[in-house]
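Single-letter residue listing:
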Amino acid sequence: MDFPILSSLILLPTVGALFLLFTKVSTIKSQQTIKYVALFVTFVNFFISIYLWYLFDKSIYQFQFVEEKIWLDGFVNYKVGVDGISILFIILTTFITPLCIISVNNSIKSRLKDFLIAILILESLMIGVFCSLDLVVFYLFFEGGLIPMFLIIGIWGGERRVYSAFKFFLYTLLGSVLMLIAIIVIYLTSGTTDVVKLYDLGINTDYQNLLWLAFFSSFAVKTPMWPVHTWLPDAHVEAPTAGSVLLAAILLKMAGYGFLRFSVGLFPIASEFFVPLIYGLSLIAIIYTSLVALMQEDMKKLIAYSSVAHMGFVTLGIFTFTQQGLEGSIIQMISHGLVAAALFFSVGVLYDRTHSRLIETYGGLVSLIPKYSILLMIFTLAAVGLPGTSGFVGEFLILIGAFQDNFIVAAVASLGVILGAAYMLWLYKRVIFGELKNKQLLTIDELNKSELFILICLTLPVLFFGFYPEPLLNTVEVSVSNLIQMYNNNLIISGNSNG
Amino acid sequence: MEISLLFLPLIASIISGFFGKYIGDRNSEIITSLFVIVSALLSISIFYNVITNGYENNIVIASWISSGTLNVNWSIKIDPLSSVMLVVVTVISALVHIYSIGYMTHDPHKPRFMAYLSLFTFAMLTLVTADNFLQLFFGWEGVGLCSYFLIGFWFKKDTANAAAIKAFLVNRVGDFGLALGIFLIFYLFGTVNYDEVFLKIPELVNKEISLLNNSSPFAFLGTEVRSIDIICLFLFVGAMGKSAQLFLHTWLPDAMEGPTPVSALIHAATMVTAGVFLVVRCSPIFEYSILALNVVTIIGMSTALFAATVALVQTDIKKIIAYSTCSQLGYMFFAAGVGAYNVAMFHLFTHAFFKALLFLGSGSVIHAFNNEQNINKMGNVWKKIPYTWIMMIIGTLALTGFPFLSGFYSKDAIIEFAYLKGNTTGIIASYIGIFTAFLTSLYSWRLIFKTFHGKFNNEEIKKEKIHESPIVMILPLIILSVGSIFAGFLFKDLFIGLSDNFNFWNDSIKFLNPLSNEHPPLSIIIITPILVILSIPISYYLFIKNKKITNSIVEANKFLYNFFLNKWYFDELYKFILVEPAKKIGLFFWQSIDVKIIDKFGPDGISKLVKFFSLKAKTFQSGYIYQYAFIMLLGFSAILTFLILN
Chain E
129 MDFPILSSLI LLPTVGALFL LFTKVSTIKS QQTIKYVALF VTFVNFFISI
179 YLWYLFDKSI YQFQFVEEKI WLDGFVNYKV GVDGISILFI ILTTFITPLC
229 IISVNNSIKS RLKDFLIAIL ILESLMIGVF CSLDLVVFYL FFEGGLIPMF
279 LIIGIWGGER RVYSAFKFFL YTLLGSVLML IAIIVIYLTS GTTDVVKLYD
329 LGINTDYQNL LWLAFFSSFA VKTPMWPVHT WLPDAHVEAP TAGSVLLAAI
379 LLKMAGYGFL RFSVGLFPIA SEFFVPLIYG LSLIAIIYTS LVALMQEDMK
429 KLIAYSSVAH MGFVTLGIFT FTQQGLEGSI IQMISHGLVA AALFFSVGVL
479 YDRTHSRLIE TYGGLVSLIP KYSILLMIFT LAAVGLPGTS GFVGEFLILI
529 GAFQDNFIVA AVASLGVILG AAYMLWLYKR VIFGELKNKQ LLTIDELNKS
579 ELFILICLTL PVLFFGFYPE PLLNTVEVSV SNLIQMYNNN LIISGNSNG
Chain V
254 MEISLLFLPL IASIISGFFG KYIGDRNSEI ITSLFVIVSA LLSISIFYNV
304 ITNGYENNIV IASWISSGTL NVNWSIKIDP LSSVMLVVVT VISALVHIYS
354 IGYMTHDPHK PRFMAYLSLF TFAMLTLVTA DNFLQLFFGW EGVGLCSYFL
404 IGFWFKKDTA NAAAIKAFLV NRVGDFGLAL GIFLIFYLFG TVNYDEVFLK
454 IPELVNKEIS LLNNSSPFAF LGTEVRSIDI ICLFLFVGAM GKSAQLFLHT
504 WLPDAMEGPT PVSALIHAAT MVTAGVFLVV RCSPIFEYSI LALNVVTIIG
554 MSTALFAATV ALVQTDIKKI IAYSTCSQLG YMFFAAGVGA YNVAMFHLFT
604 HAFFKALLFL GSGSVIHAFN NEQNINKMGN VWKKIPYTWI MMIIGTLALT
654 GFPFLSGFYS KDAIIEFAYL KGNTTGIIAS YIGIFTAFLT SLYSWRLIFK
704 TFHGKFNNEE IKKEKIHESP IVMILPLIIL SVGSIFAGFL FKDLFIGLSD
754 NFNFWNDSIK FLNPLSNEHP PLSIIIITPI LVILSIPISY YLFIKNKKIT
804 NSIVEANKFL YNFFLNKWYF DELYKFILVE PAKKIGLFFW QSIDVKIIDK
854 FGPDGISKLV KFFSLKAKTF QSGYIYQYAF IMLLGFSAIL TFLILN
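Respectively, the protein sequence lines represent chains E and V.
First residue of the first sequence? That's 129 in the working numbering, and the numbers climb one at a time after it.
First residue of the second sequence? That's 254 in the working numbering, and the numbers climb one at a time after it.
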């Protein structure tokens with residue numbers, strides 16, 4: 129057996145967390161030290177994941193680096209592995225987490241150690257989600273992620289943190305209970321929860337619709353899709369910067385990933401059946417939340433609503449079952465992971481200085497903090513989906529995929545692109561441009577080194593993948609075409625058996 | 254050579270944008286101007302090469318997106334059509350760069366300004382040299398972005414910011430159409446490369462797609478339409494947005510909030526002509542769609558007329574020229590609509606010179622009047638700023654189509670070809686063209702007379718203080734005026750020559766049926782120049798000599814006057830039917846649906862319900878044994894009853 133690289137990726141942050149747990153933190157200096165420890169661990173993890181990408185063979189669709197350990201007496205096994213789809217999400221996770229840790233200097237004032245532990249544990253769980261190949265293992269990681277996030281919002285959040293934390297927790301938990309039941313049903317009917325085996329066995333078509341709905345209820349809440357999206361703005365508003373970033377950049381992606389891996393992979397026939405539902409909800413998400421975003425007065429809420437709209441594109445793209453649509457969805461998720469992270473970091477920068485998230489507090493910042501203004505402009509444009517940014521590649525591929533399936537859906541979704549430009553540019557204008565009205569802003573500081581580092585780290589991939597998305601597209605290509613192949617084969621088989 | 258031509262402006266932009274602070278204002282100006290001048294020289298040499306040797310090239314720089322069957326490259330396509338655009342873009346851009354050095358002297362953000370100008374040039378070049386629709390779209394959005402930056406350049410002005418956002422959004426509406434067109438092209442042809450698409454077009458001529466019905470779930474209206482018609486109409490919506498045609502024109506006059514050099518470069522000579530370029534570039538598609546061509550003609554001529562009527566009553570010098578641009582773009586479109594793509598390109602070419610000249614000239618006037626833009630507050634300064642005055646006169650003569658200046662050749666050709674097209678829309682278009690030419694002449698001379706002649710009407714600035722602009726501003730004007738005078742005469746054979754043995758355009762423009770080479774009746778040929786010449790004394794009389802008549806005309810037609818003055822109330826209409834409802838709906842979705850319904854009955858409702866029941870349940874846990882015993886007794890009896898009954 130080769131070196132268990134995936135398990136190391138999963139475990140390393142936890143080991144770091146354990147180390148921190150047993151460290152005594154008393155002085156300011158030791159606070160710095162534990163931060164460096166956490167940073168070191170996550171950086172190492174990032175480089176391991178990059179190395180993993182380097183080792184990864186893009187030309188085969190099978191899962192790679194598979195590890196299997198007997199667990200629970202053999203009836204549930206610990207099984208992990210990656211394909212072209214999951215590897216990108218792992219890298220996204222290991223890339224965003226260190227940036228979050230760098231940012232704590234500016235935003236977290238109390239209980240730093242506990243915060244770092246929560247983040248490290250969360251990283252372990254998130255990586256676990258993206259590489260588990262067993263439904264039970266997946267479920268554990270997926271739900272486990274709730275706990276650290278619940279704590280991050282509940283302890284380090286804003287004024288209404290408890291309400292938001294519970295709303296977040298209840299919403300997501302309620303959805304997941306059904307998924308758990310579905311997993312049990314799958315075990316009882318198919319005799320295994322091993323995803324790879326299930327792909328080959330197929331799920332009995334009689335149950336598929338119900339099972340699909342059970343999984344859907346969990347993923348829809350997490351995506352979040354309309355109408356179960358209302359936890360997101362609250363959670364974002366109250367969460368500390370690093371929490372918002374992880375929530376938007378990675379936790380939301382778990383659902384999109386879940387749709388790809390489980391809904392489409394395991395229940396192709398039901399997926400086909402529910403396409404109108406997904407299309408309908410995605411379009412509502414795109415148009416409805418864009419309009420809501422237009423009217424927001426709180427910057428974080430605005431970006432939260434825009435996340436819902438962007439994720440609407442993702443779900444739309446996945447259920448087109450076209451190469452472009454699926455690849456577009458993945459690119460869109462990666463891109464949104466970078467851009468939403470950057471936008472929340474940017475809002476955090478202002479919040480740390482003025483303690484206000486309200487748009488009306490600001491205005492005329494451009495001459496005071498030009499570097500910040502330039503970087504925020506780049507992210508705004510990426511959120512708007514301007515060509516040359518990663519946002520464009522994703523949205524464009526999704527729309528071109530959707531168009532091949534349904535003209536009207538693509539056309540309505542394209543309208544969302546206009547609205548997206550409206551709320552983002554209006555936000556930018558009100559915060560950055562205009563006459564300086566609030567005299568308190570006169571003393572506002574330009575980005576410090578760590579903030580600048582974070583934002584530049586996010587700018588580079590956004591622009592690079594905008595001009596040259598090949599590395600991403602290459603990585604996912606074979607896995608995606610295999611997924612579509614599987615989907616089509618299933619449809620043909622079921623068509624034959626019905627006919 | 255092509256690569257350096259394309260990337261020099263980008264490099265200049267990066268240097269000036271990111272390092273402007275370190276290298277200083279003057280160096281930023283010099284570097285950007287120099288790089289763009291080199292770019293312009295390269296363009297000219299390529300253009301020359303295309304003319305003399307029929308040079309064509311298609312360079313692939315790198316792969317951009319490849320997903321499934323979709324393969325898109327970054328590329329540079331040189332053919333007659335793109336070479337013309339290269340010359341227009343880089344030459345005007347170079348002149349505007351030089352002019353800006355003088356115009357922006359007192360601005361604190363010079364490097365940023367120059368960086369935007371160069372970046373715009375780069376984006377425009379990627380647009381015109383694309384060999385596929387996606388790169389075109391990249392350039393298309395890129396120029397839109399630079400336009401947004403430059404309109405909002407004076408970021409403290411709220412009106413400038415609003416105008417910038419408006420320009421971006423209205424353009425996005427157009428882009429929405431263009432994007433759908435590209436999606437449809439990919440859907441039908443499986444590629445977005447020009448050459449491959451154009452090759453496959455004839456196969457599709459009679460193909461009908463049941464639009465709205467390529468998948469069952471949302472099937473309704475099973476309308477069957479010709480796919481080529483739909484493609485063309487979508488592409489044209491994009492063109493309408495960028496080229497400010499009727500219904501999507503509202504952003505262009507507002508865009509005058511930007512600095513004047515920007516108006517000259519972006520909103521007169523280059524970016525706004527991208528729509529025309531798109532239609533001409535897609536001539537192999539449009540040629541097969543009579544419906545789309547008719548729509549192009551009708552929108553074109555309506556815009557030409559509409560904008561001219563509005564220009565007639567405006568008082569802001571830049572807005573008059575902006576509406577004039579709108580109107581001239583209308584000419585180009587109806588030229589393309591009647592199938593005379595080469596004539597459209599010819600007018601685009603000549604228009605770039607004289608419209609840039611007029612804008613830069615007006616910039617010089619505004620400069621002289623210390624940022625005053627209202628022509629009612631000018632007058633009688635032609636002796637004070639003689640160079641500007643002469644240049645503006647040349648620009649006006651060229652614009653109005655005064656005989657033997659450049660506008661004369663291109664505009665009259667448009668009217669003639671429209672007439673020769675022979676169908677109803679063509680003939681109506683030619684009549685509207687003639688009438689609009691008359692209006693054009695009226696409002697242009699009104700501008701000249703009110704600005705330079707009559708009484709001096711400005712109270713804030715003394716007439717003695719009015720001064721001529723520096724040489725860096727006058728020099729570009731001189732070059733442009735040379736172009737305005739000679740471009741038409743020199744290039745008319747090349748662009749619209751009818752000789753059979755030499756076809757400059759080669760395959761870059763497709764004519765399904767060769768253009769008619771008959772001559773229109775003499776009356777059509779001479780009426781425009783006559784009207785144009787007559788309008789000079791008429792407007793002198795109306796606007797200088799006898800203003801009472803003008804005023805009484807205005808009084809007599811108060812309604813029409815207000816209608817024109819308020820730009821046909823398009824802004825108010827859009828605000829009423831689009832902007833306000835969008836805000837109201839957004840607020841409704843948020844406050845009423847999200848908060849009052851979803852949250853109230855969803856999470857909050859459930860938690861209230863749970864709380865309610867647990868409060869009820871709590872009362873059972875009273876701690877009194879007799880209560881528990883009583884409950885137990887009840888339970889026992891219930892079970893017993895159940896068992897007995899069974």
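Just so you know, these hints were derived from the structure itself, not from any lab.
Treat the hints loosely; a few may be bogus.
Unchecked claim - Among chain E residues calculated to face chain V with C-beta under 7 Å, some are: (1) Y164; (2) E455; (3) P597.
Computed from a predicted model, the values in this text were never measured in an experiment.
For glycine and all other residues, C-beta sits at the position ideal for the given N, C-alpha and C.
Outcome of the hint check:
no. : hint : verdict
1   : Y164 : violated (31 Å)
2   : E455 : holds (5 Å)
3   : P597 : holds (6 Å)
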